[in-house]
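Trainee: Okay, here's what each chain looks like letter by letter:
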Amino acid sequence: MQIITRTIQFETKGFNHIVDITPDVQSQLSEAQLNEGNILISAIGSTTGITTLEFEPGLVKSDVHEMFEQFAPYGKGYRHNATWGDDNGAAHLRSMLTGTSLTIPFVDGRLILGTWQQIVFIDFDTRPRQRKVVVQLTGK
Amino acid sequence: MQIITRTIQFETKGFNHIVDITPDVQSQLSEAQLNEGNILISAIGSTTGITTLEFEPGLVKSDVHEMFEQFAPYGKGYRHNATWGDDNGAAHLRSMLTGTSLTIPFVDGRLILGTWQQIVFIDFDTRPRQRKVVVQLTGK
Amino acid sequence: MQIITRTIQFETKGFNHIVDITPDVQSQLSEAQLNEGNILISAIGSTTGITTLEFEPGLVKSDVHEMFEQFAPYGKGYRHNATWGDDNGAAHLRSMLTGTSLTIPFVDGRLILGTWQQIVFIDFDTRPRQRKVVVQLTGK
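Protein chains in written order, with the numbering used here: chain A, 104 to 243; chain B, 104 to 243; chain C, 104 to 243.
Everything hinted at is true.
Copies of one chain are not kept apart here, so a pair can be met inside one copy or by any two copies together.
Mimicking SDA-like on lysine to any residue, the simulated pairs with C-alpha atoms at most 25 Å apart in a straight line are:
| no. | residue 1 | residue 2 |
| --- | --- | --- |
| 1 | K164 | R182 |
| 2 | K164 | A185 |
| 3 | K164 | W187 |
| 4 | K116 | S165 |
| 5 | K235 | E159 |
| 6 | K116 | Y177 |
| 7 | K164 | T125 |
| 8 | K235 | P126 |
| 9 | K164 | T186 |
| 10 | K116 | G217 |
| 11 | K116 | T218 |
| 12 | K116 | I215 |
| 13 | K164 | Y177 |
| 14 | K116 | P126 |
| 15 | K179 | F158 |
Quick caveat, the hints were computed from the structure, so don't treat them as lab data.
All figures in this text were calculated on a predicted structure; none of them were measured in a lab.
Can you build the whole structure from these sequences, using the hints too?
Mentor: And the structure:
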């Protein structure tokens, strides 16, 4: 059994910006040359999300945003914003509900995901950011 | 340390169909004869959910459905549906928020869960399907 | 590779009571003297939540509560409540959506989290309780 920890980095625009990180995760797996095990994908930051989603424009550009606007709208006057002179209360709420960490199994060196199921990073924050995601492989 | 990967399969009806998979997970654990470690339960497909829930009819048949109908109703005209001639935009949104993967620890060969806490699979899709869930045990 | 399982215990007040358990998790990691790996944090009970959140009063005392009240209000007449003479249907729904389990990587003996990202336990139940959370370390 081995454990290998890597970091991937990329730039995001914020406001529900959804990034397909499946190719980066798969490439870490290929490089590690492990056969069977799992990959922990964990985002750094309390205004981020890690989940799976069919990465297609309808969901990515419209539907996910509209869903979150119903119960954690960006424009609401959150107590978080009033307390800290901040404007990203919505981002914190979306993050806590989506989760920032996910584990996916692999067998024969390949991620086990559905055909239309991608691993996505979501930047819920209200400004462009440089983001880091930890990819940790455990297996043999 | 060992790592063992199995798949369980079952049929679902869709539309928020909730299946208690705790007995299947426990039986994989019993068969593996491991003492201490954890089990990754990961569903294949972007219209699925894996979480824990008290598996009782009130929640399973009514309350969970009513909650999701408030912010991701099946009948809404999603951009996903318009783009792909599809009808399951709601299923994708419910899946991304619920999550499709979960890890539960075990000690003395037994899952550590609350008395009323079951591991459930939810099929959010809009038609009956044959489903696969990966059960991966890591431990000693 | 080692696997070490511990339990932390604390008292909660219920009704969305949010507890910062990051120091407890970090102290289990320090004691284990592992360098690289991950920690599974798994709550026992179907009215609990484990997630990450900026632990500051605005979010913790107001905003998180207000978000959940929109789609899983405590005062609603849930089928769960009617069936079991219970009053915590909202707690079960919030728990299934938030999730009760989380895995965080560590490197050089330190948890990899953002500066404002804490590991929190949420008690969604409707009464004070004694709670247990499993902290399981896997690594070397």
